[in-house]
Amino acid sequence: MYVIVVGGGDVGIQLAKRLIARDHEVLMIEKEASQATRLANLLGDQHVMMGDACDLLTQKTSGFARADVVVAVTGEDEDNLICCQLAKEVWKVKRLIARVNDPAHEEVFRKLGIDDTVSATRILFGMIDQQISSDELIPVGNLHKGAVEVVESELSDESPLIGVAVRDVKLPQGTYIVYILRNGVGMRVDGDTEFQVGDLVVAIVPVARAEGLRAVLREKS
Amino acid sequence: MKVVIFGCGRSGSMLALQLASRGHKVTVIEKNPESLERLGKDYPVRIVLGNGLDLDTLEKAGVDSCNAFFAMTRGDNTNLMAAQIVQHNYGVERVAVKVSDPVRAEAYRKLGLFCINAAALIAGMCLTWFQQENYQPIDEYNKLAEEMEL
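If you read the sequences in order, they're chains Y and U. Numbering of the first sequence is given in my numbering, commencing with residue 1 and proceeding in unit increments. Numbering of the second sequence is given in my numbering, commencing with residue 1001 and proceeding in unit increments.
Any given hint could be a false lead.
[As the list claims (entries may be wrong)] Covered by chain U, according to a simulated footprint, are these stretches of chain Y (three or more residues, beta-carbon under 8 Å): (1) 50-63; (2) 73-79.
[What the hints assert, rightly or not] Non-contacting residues of chain Y with respect to chain U, defined by C-beta distances greater than 12 Å in every case (computed): (3) Glu107; (4) Ala165; (5) Gln196.
[As the list claims (entries may be wrong)] In the EDC-like style, the derived pairs of lysine to aspartate or glutamate whose C-alpha atoms are separated by at most 20 Å in a straight line are: (6) Lys60/Y x Glu1146/U; (7) Lys145/Y x Glu107/Y; (8) Lys1031/U x Glu76/Y; (9) Lys1110/U x Glu89/Y.
These are computed hints drawn from the structure, not numbers from a lab. The model shown is predicted, which means the values in this text are computed figures rather than measured ones. Built from N, CA and C at the ideal position, the CB exists for glycine as well.
Using the sequences and the hints given, assemble the complete structure.
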């Protein structure tokens, strides 16, 4: 595959190294001349190009038109967004991945046509949150280009769901409870399953309805 | 009308004062307090200090209920992103974007954004002036950017 990595910071370097080791054709584009020189020494001249990856001329000469994947991992959300949008609209690149630094921008990117985003902040936040809170909705992963989320929630003794059967819970449309981890053992869920304290509940929910599911977990019915 | 201007540089500040003097309710988003000096003293403009890519800052500036939004910072990508957020997240229909790179301006014009590119305007108006013709609508000058060979 031909992979273009935009942004030669730490994230970009580690990514490029691994892709090169897997024998992919890799080109990294870096704006700063001194950093580009450093990268060329590190990764090899053929893997580095100095330039502004949002400049259409740079995109043309670096071969965006034949790229299989463009990964934009600079520290600036606006640069990652515009680079991916131009790659998609002008060069018809099929696979785009953008790093999102402000987690609130993930939804923005999705609305603007960039479905695959990676937010270190959100992942870290999710991990910390997982440690400390019950009855919160923790995002675990995305399905269907980010339109649907896999989420989990640990039920505390204050949860309104305790003792309630799955069929009696008014879930938002398109939301399914698919799995419960009880005392470390996974179990299948059907309408008769009653929730217990400490259950780790895994659900699939359309992103737009996650707030509704959150309300179900929190509010006394 | 209610308008929000992102960026208080030379063009943003001039636009803010002109709109305010015509009776519009103007809010300016600017992260650098020193840039506000361009507005002079006792300016009739509301200021929101912050980054216009930040959704909270945009909301504080009232983009959810404004009639028009102008992205006027010196960063093309910043302007293009802010304009699209305002257009798609908050449903503002009248959005104008300052874009310095003529090629990028043309690419986003094709995607339906109203992009103003100074290079095309200056070159076009100089051409008009030199040929002693009448000044033309902005679309005519934008065509100069279209002709730029990539």
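The hints, checked one at a time:
Beta-carbon proximity to chain U at under 8 Å applies to 5 residues in the stretch 50-63 of chain Y; the threshold of 3 is reached and the given coverage holds. Evaluation of the coverage hint for the stretch 73-79 of chain Y: fulfilled, as 4 residues show C-beta separations to chain U shorter than 8 Å, against a requirement of three. The Cβ of Glu107/Y sits about 8 Å from the closest Cβ of chain U, inside the 12 Å cut-off, so the non-interface label is violated. Listed as outside the interface, Ala165/Y is consistent with that label: its C-beta sits roughly 39 Å from the nearest C-beta of chain U, beyond the 12 Å cut-off.
Distance check on Gln196/Y: its Cβ is at least 38 Å (rounded) from any Cβ of chain U, clearing the 12 Å threshold; non-interface status holds. Between Lys60/Y and Glu1146/U, the direct Cα distance comes to roughly 16 Å. Compliance with the 20 Å bound is thereby established for this hinted pair. This hinted pair checks out: Lys145/Y and Glu107/Y have alpha carbons roughly 12 Å apart, not beyond 20 Å. Pair hint Lys1031/U plus Glu76/Y holds up; C-alpha atoms about 16 Å apart against a cutoff of 20 Å.
This hinted pair checks out: Lys1110/U and Glu89/Y have alpha carbons roughly 10 Å apart, not beyond 20 Å.
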